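Participant: Now for the letters of each chain:
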Amino acid sequence: MTDLAVNLVFQLLQMLLVVGLAPLLTGLVRKAKARLLRREGPPLLQPYRDLARLARKEAVVAEGASWLFRVAPYVVLAATWVAAALIPTFATGLLFSWSADLIAIIALLGAARFFLALAGLDVGTSFGGLGASREAMFATLAEPAMIVIVFSLALIAGSTQLSTVAAFMASSAVGLRVTLGMALIALIIVALAENGRIPVDNPATHLELTMVHEAMILEYSGRHLAVIELASMLKLLLYISLIVCVFAPWGLAIADAGVGDRLFGAVVYVVKLGVAGLMLATFETSIAKMRVFRVPDFLGAALMLGFLGALLLFVSRTLK
Amino acid sequence: MSALVLLLGGDAALLALSLAAIAAARSRNGGVFIYAAACAIGSVLLVGGAYHLLGRHAPEELALPIGLPWIGAHFRLDALSAFFVIVVDLGATAASLYGIGYGRHERDPARVLPFYPAFLAGMNLVLLANDAYSFLVSWEFMSLASWALVMAHHRDSDNRRAGYVYIVMASFGAIALLLAFGLLASPAGTYVFPAEAYNFGAMRANAATPGLAGLVLALTLVGAGSKAGLAPLHVWLPLAHPAAPSHVSALMSGAMTKVAVYAFVRIAFDLLGPPAWWWSLVVLALGGITAVMGVLYALMQHDLKRLLAYHTVENIGIIFIGLGLALAFKAFDMPSAAALALTAGLLHVFNHSVFKSLLFFGAGAALTSTGERDMEHLGGLIRLMPLTAFTFLVGSVAISALPPFNGFVSEWLTFQAILLSPQLPSWGLKLLVPAVGALLALSAALAAACFVKAFGITFLGRARTEAAKRATEADRFSLAAMFAFATLCLIAGVLPGLFIDALAPVVRSLVGARMPVQMGIDWLSIVPIAESRSSYNGLLVFLFIVASASLGAAAIHRLASDAVRRAPAWDCGFPEPSPATQYTATSFAEPIRRVFGGFAFGARAEVDMPAPGDMRPARIKVVMNDLVWETIYLPVVAAVTYLSTRLNRLQFLTIRQYLSVVLAALVALLLVLAAWP
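So the protein lines, in turn, are chains A and B. Position one of the first sequence corresponds to residue 1 (this note's numbering), numbered consecutively onward. Position one of the second sequence corresponds to residue 1 (this note's numbering), numbered consecutively onward.
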């Protein structure tokens, strides 16, 4: 019984950890980008203040917006949050880690995107439609790319369960493999596109004809905007956690580890997030944004890399 | 009482109802009576099927002295038939309930009512038939009844063309099935058929040679595949399904395509004996191509019902991917993997019949209240038809394979089956299966995009026409049918273990193994192989989403602000009042057309931009080609036309010339006979 209680506490901690750290990660990336551009930049904790301020303001809802417009932010947040809470951040094998595997996590993110795109169409403005339509186009390539990456990981680790994959990657059984390299590159490309980072979309822009994510949420304000912003911060954290737990699982507390190991895992996790955030900021400042219709080529490369990796694995299974 | 007798009695009642409908169609409330009776009979049939499947009863057989003299008609109810009886009659019950309200809007009830119960009876009898003769008669009965329903509104020239293409393709498919049964009935080497050889029991006992079996499979793929909508034989489907009244569209897409899947499963898994490994190669390739082609075509549509019909093509592709994997695993003697793949395919059969019927009901509700099928003329219906919109949203999420609804579960199981396939010892499959997996993932992602479009353009935004502004909510009966199916989408999504376990006898009878029992697992998860490998818990995912969404909403409303102010749309400071500035179905799909349209449709856009100072409007023209139609069907049509104009001369010969033609034919036949070894 105490075991169950302890496990439940850790599962809840994980849920709070991801949602608590997400704004900090975004703040870190923004700060680092500003410093790299020789600007002072907003303080690290600015995203928290933005969210609090937005949440306190009244929500201005467009005339003619339906109930879907007001419900969608919470659905988007919930789907993203559940997906993020199921990724092993500091420990594998948490209480509910088996309730959805990697394919289900991808589908949860797909559900979040589905509702966000619908919300973009709800008011009936041209910008909303533009954002929704382009987001749908990116997703048609990014999602299959993710699935073929999952094929590779699942075939190497013998499981689609993220906890098992992470535990396997942390063990010494996994060597250096070409497939893993391909999967890593593909995953990074997908993560950049899914989070609307440069070179696919610019998270800092408004009023630009090439914007995608910002165009979808143009009509949102107040608490609704706060919820959507939090969901997109969570999504960034989710993708970074996913890359980290599969490709850099050092320090991860493996299932049934003691409380000390788990706390150590949490500290290591925060450090890893920081490093990944800095790397993202450096990458974003060193590259230009691409035209919208170049993005399919970019994502197509991810799809092909992931597919080649999976194909190699399917074929090499006979050689053993 | 035996379930088979109950089912046959129900089918006879449906046939009688069909006769009664001829008279009832004249009276004002006749439609209500016919649909209510069909709904009642459908639910009895549903209970009969469920009783047999869930009670795990042994197969029952029955011979009736009808049909061919001295041979009679044979019927059999086993787990496979019972499962498909459930699928068909679940759809039939809901469609009849929907029809009670929807049928009131029918302009010409005498063209719909008599054929509707006959169509239901035809579908049910195909599932119960146990000899080739009764099977084919029921099959043709089903085809002709549905053809009459497609032609109900025959004054529309599009519908007439749809009916024509449909009847040609249906006859073609029936001939293929006839030949397939003929080959199955012939014991190796002999060409004399005893009457019993056409019994399914005899076919099962009689192993075909590998070459012959391959030929039978090909004929079955043509015969059943053309009815199911397998590419490239799908061309009639997106024409015919939308042309029928909406509850019949729902049945054609939700139930009749499943009867075709039944025919394929019955022949390929049951009658044909042990499969050869290369069959799965063909089935998988066809399934993958069908899935992606279907959804790409759907994305380009702006007629709501046609879009749904193309999605049926896509989902049939997904089902055939599951069946193909099952054939592969069965051929290489991996029964538990085959059980997983077959369960995935059959579960998708059930799921698709539920959400596709639901979506057609919604499209029908929009059609009756606005008179429009074209999404470009709709918009904003969520405000005028909130309940219909809600159920259509549930159906859209379910068909897009998003958790926690049912479409996700069957696709997830299919992915799990794909991940087992590296153990297959064949190189062809090793290369093909990951490609099919990628195609499946692509079609799932495209389906989500397509339903953002279908729901977003039809129900969200602002009304694009006056008709869309005057829409009213659907009637009680239609709403009851839609809500029942929306609930079922959720139940099958959060408790998939129930449905997987119910499928166990079907799967065991076909591949000799079943998936592990799911309902005993902690927290009602589903675990296809082992928990360390993969598991999914729809119930917990659903609860987590509900809990965290309410937590977020409650926290913000409580601790921060819950004030709302309505104001004009912002739209970057330049809101345009005209609804014409909204994105349309075509503009929504434009980026996707640019990415995929080139190779799928040979699509190109021609922009005519006037020179500066020129006052004429700029124009853009999008050219898209239906490559399947142009590369396969048009040449065939041209060849047939050419031949028939040539042969037409034979009609105008003199009597002497006719006599010489007859003599020449006789001599030629005698020569053939003489030369025959």
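Everything labelled a hint here was simulated from the structure, so no lab data went into it. Misleading hints may appear alongside valid ones.
[Stated by the list, open to error] Far from chain B, by Cβ distances over 12 Å, these chain A residues were calculated:
#1 ALA5
#2 PHE10
#3 ARG53
#4 ALA55
#5 ALA142
#6 ARG177
#7 LEU180
#8 TRP250
#9 ASP261
#10 PHE264
[Unchecked claim] Not the full set, but computed from the structure, chain B residues with beta-carbon under 10 Å of chain A:
#11 LEU179
#12 ALA438
#13 SER443
#14 ALA445
#15 THR584
[As the list claims (entries may be wrong)] Here are the simulated distance ranges between beta carbons:
#16 A:PHE283 / B:VAL607: 35 to 41 Å
#17 A:ALA257 / B:LEU627: 54 to 60 Å
#18 B:LEU627 / A:PHE283: 37 to 43 Å
#19 B:PRO274 / A:MET304: 53 to 59 Å
As the structure is a prediction and not an experimental result, all values here were calculated from the model. Note that CB positions come from ideal geometry on N, CA and C, so glycine has one too.
Participant: Would you mind marking each hint as holding or not holding in the structure?
Facilitator: Taking the hints in turn, this is what the structure says about them:
Once the 12 Å rule is applied to beta carbons, A:ALA5 is consistent with being away from chain B; the minimum gap is 17 Å. The Cβ of A:PHE10 sits about 16 Å from the closest Cβ of chain B, beyond the 12 Å cut-off, so the non-interface label holds. Not every CB of chain B lies more than 12 Å from the CB of A:ARG53, the least distance being 10 Å, so the non-interface label is violated. With a least CB separation of 4 Å from chain B, A:ALA55 falls inside the 12 Å interface cut-off, contrary to its annotation.
A:ALA142, annotated as away from the interface, has a beta carbon of chain B within 12 Å; the closest lies near 8 Å. Every Cβ of chain B is farther than 12 Å from the Cβ of A:ARG177; the closest lies at roughly 15 Å, confirming the non-interface assignment. Here A:LEU180 stays apart from chain B, with its beta-carbon at least about 16 Å from theirs, past the 12 Å limit. For A:TRP250, the shortest C-beta to C-beta distance to chain B comes to about 22 Å, beyond the 12 Å cut-off, and the non-interface label holds.
Distance check for A:ASP261 against chain B: the nearest CB is about 20 Å away, which clears 12 Å, and the non-interface claim stands. Against the 12 Å criterion, A:PHE264 stays outside the reach of chain B, whose nearest CB is about 25 Å from its own CB. A least Cβ separation of about 36 Å between B:LEU179 and chain A goes past the 10 Å threshold, and the interface hint is therefore violated. About 5 Å separates the beta-carbon of B:ALA438 from the nearest beta-carbon of chain A, less than 10 Å, and the hint is met.
The beta carbon of B:SER443 comes within 9 Å of a beta carbon in chain A, closer than 10 Å, and the hint placing it at the interface holds. Because the closest C-beta pair between B:ALA445 and chain A is about 4 Å apart, less than 10 Å, the hint holds. Here the hint on B:THR584 is kept, as its CB sits about 8 Å from the closest CB of chain A, short of 10 Å. For A:PHE283 paired with B:VAL607, a C-beta distance near 36 Å keeps the hint of 35 to 41 Å intact.
Checked against the hint of 54 to 60 Å, the pair A:ALA257 and B:LEU627 passes, with Cβ atoms roughly 57 Å apart. Checking the proposed 37 to 43 Å range against B:LEU627 and A:PHE283 shows it holds: the Cβ atoms sit about 41 Å from each other. Hint check: B:PRO274 to A:MET304, Cβ distance near 37 Å, so the stated range 53 to 59 Å is violated.
Figure legend: structure checked against the earlier numbered hints; hints not met, in rising order: 3, 4, 5, 11 and 19.
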